[in-house]
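Chemist: Below are the chains, spelled out letter by letter.
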Amino acid sequence: SQQGEEDPQALSIQEGENATMNCSYKTSINNLQWYRQNSGRGLVHLILIRSNEREKHSGRLRVTLDTSKKSSSLLITASRAADTASYFCATDARGFGNEKLTFGTGTRLTIIP
Amino acid sequence: ETGVTQTPRHLVMGMTNKKSLKCEQHLGHNAMYWYKQSAKKPLELMFVYNFKEQTENNSVPSRFSPECPNSSHLFLHLHTLQPEDSALYLCASSQELDRGNQPQHFGDGTRLSIL
Chain A
3 SQQGEEDPQA LSIQEGENAT MNCSYKTSIN NLQWYRQNSG RGLVHLILIR
53 SNEREKHSGR LRVTLDTSKK SSSLLITASR AADTASYFCA TDARGFGNEK
103 LTFGTGTRLT IIP
Chain B
401 ETGVTQTPRH LVMGMTNKKS LKCEQHLGHN AMYWYKQSAK KPLELMFVYN
451 FKEQTENNSV PSRFSPECPN SSHLFLHLHT LQPEDSALYL CASSQELDRG
501 NQPQHFGDGT RLSIL
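Top to bottom, those sequences are chains A and B.
The opening position of the first sequence corresponds to residue 3 in the numbering used here, with each subsequent residue numbered one higher.
The opening position of the second sequence corresponds to residue 401 in the numbering used here, with each subsequent residue numbered one higher.
None of these hints come from the bench; they were simulated from the model.
Careful: at least some of the hints might be erroneous.
Unchecked claim - Heads up, incomplete: computed chain A residues facing chain B, CB under 7 angstroms, no partners named:
1. T29
2. N32
3. R43
4. G44
5. L45
6. E55
7. L103
8. F105
9. G106
10. T107
11. T112
As the list claims (entries may be wrong) - Far from chain A, by Cβ distances over 12 angstroms, these chain B residues were calculated:
12. Q406
13. S494
14. N501
Where a beta carbon is used, it is the ideal one built from N, C-alpha and C, also for glycine.
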């Protein structure tokens, strides 16, 4: 069954505002990753956060992880038109190596200039 | 430039045709993957190769036949496809096979349309 689910499915904000996307998952994980996909392109890795980490930053991106709630959030600050894309979370189920990376259906983010 | 190149970018084929998708990675990675991306669905993992040996086949119909001649190249041979096979096919690679603790690098995909 699907491991990660993003929320909302679609989000439109004005340029300069902050964008927050959420990911919920069902089973315990070792790691959670966020990816971006621009229209007509492949996925690009953004951030990886481990189960023992609570927060991670990369430039304008901030990812949080709450393992007790089985959820993660991706915050993009000071959004730009170039941030328009779909954003996916991907999780691995905790196990004994070679865990399968399972992707959600994504959040479609539109930045309005 | 992600270091993973897929060709062709677009492919239209009839249900009785035979075609192949190609993926090449220039990153020195050991693991390569084929994914299928359909509208409104999560990314579906199809095949996994590690050091050019297939390690996973996720119940993919036999009309899809992968080939991995070396760690840098991956092919997906297509034969007698169905309209529901129309999708974006993505190739990815990672340094090692443990997929959770390292990023995957994706190509830009082949947009496949079955007539």
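Chemist: Against each hint, give a clear statement of whether it holds in the structure.
Modeler: Hints, verified against the model:
The restraint placing T29 of chain A at the interface with chain B is violated, with a minimum CB-CB distance near 12 angstroms, outside the 7 angstroms limit. For N32 of chain A, the suggested interface contact is upheld, since its CB lies about 5 angstroms from the closest CB of chain B, less than 7 angstroms. The interface hint given for R43 of chain A is met, as the beta carbon of that residue sits about 5 angstroms from the closest beta carbon of chain B, less than 7 angstroms. Using the Cβ-Cβ criterion of 7 angstroms, the hint placing G44 of chain A at the interface with chain B is satisfied: the shortest such distance is roughly 3 angstroms.
Taking 7 angstroms as the C-beta contact cut-off toward chain B, the hint placing L45 of chain A at the interface holds, the least distance being around 4 angstroms. Because the smallest distance between the Cβ of E55 of chain A and any Cβ of chain B comes to about 12 angstroms, over 7 angstroms, the interface hint for this residue is violated. Below 7 angstroms, beta-carbon pairs count as interface contacts, and L103 of chain A has one with chain B at about 4 angstroms; its hint therefore holds. The beta carbon of F105 of chain A comes within 4 angstroms of a beta carbon in chain B, closer than 7 angstroms, and the hint placing it at the interface holds.
Annotation: G106 of chain A was flagged as interfacial toward chain B, and the flag holds, the nearest CB pair being 6 angstroms apart, inside 7 angstroms. Given hint, T107 of chain A at the interface with chain B, holds; its Cβ is 5 angstroms from that chain's nearest Cβ, closer than 7 angstroms. Given the 7 angstroms rule on beta carbons, the hint for T112 of chain A is violated: about 17 angstroms separates it from the nearest Cβ of chain B. Not every beta carbon of chain A lies more than 12 angstroms from that of Q406 of chain B, the smallest distance being close to 8 angstroms; the non-interface claim is violated.
For S494 of chain B, the condition that its CB be more than 12 angstroms from all CB atoms of chain A is violated, with the nearest at approximately 9 angstroms. A Cβ of chain A approaches the Cβ of N501 of chain B within 12 angstroms, the least distance being about 5 angstroms, so the stated non-interface status is violated.
Checked against the numbered hints above, the structure violates hints 1, 6, 11, 12, 13 and 14; every other hint is satisfied.
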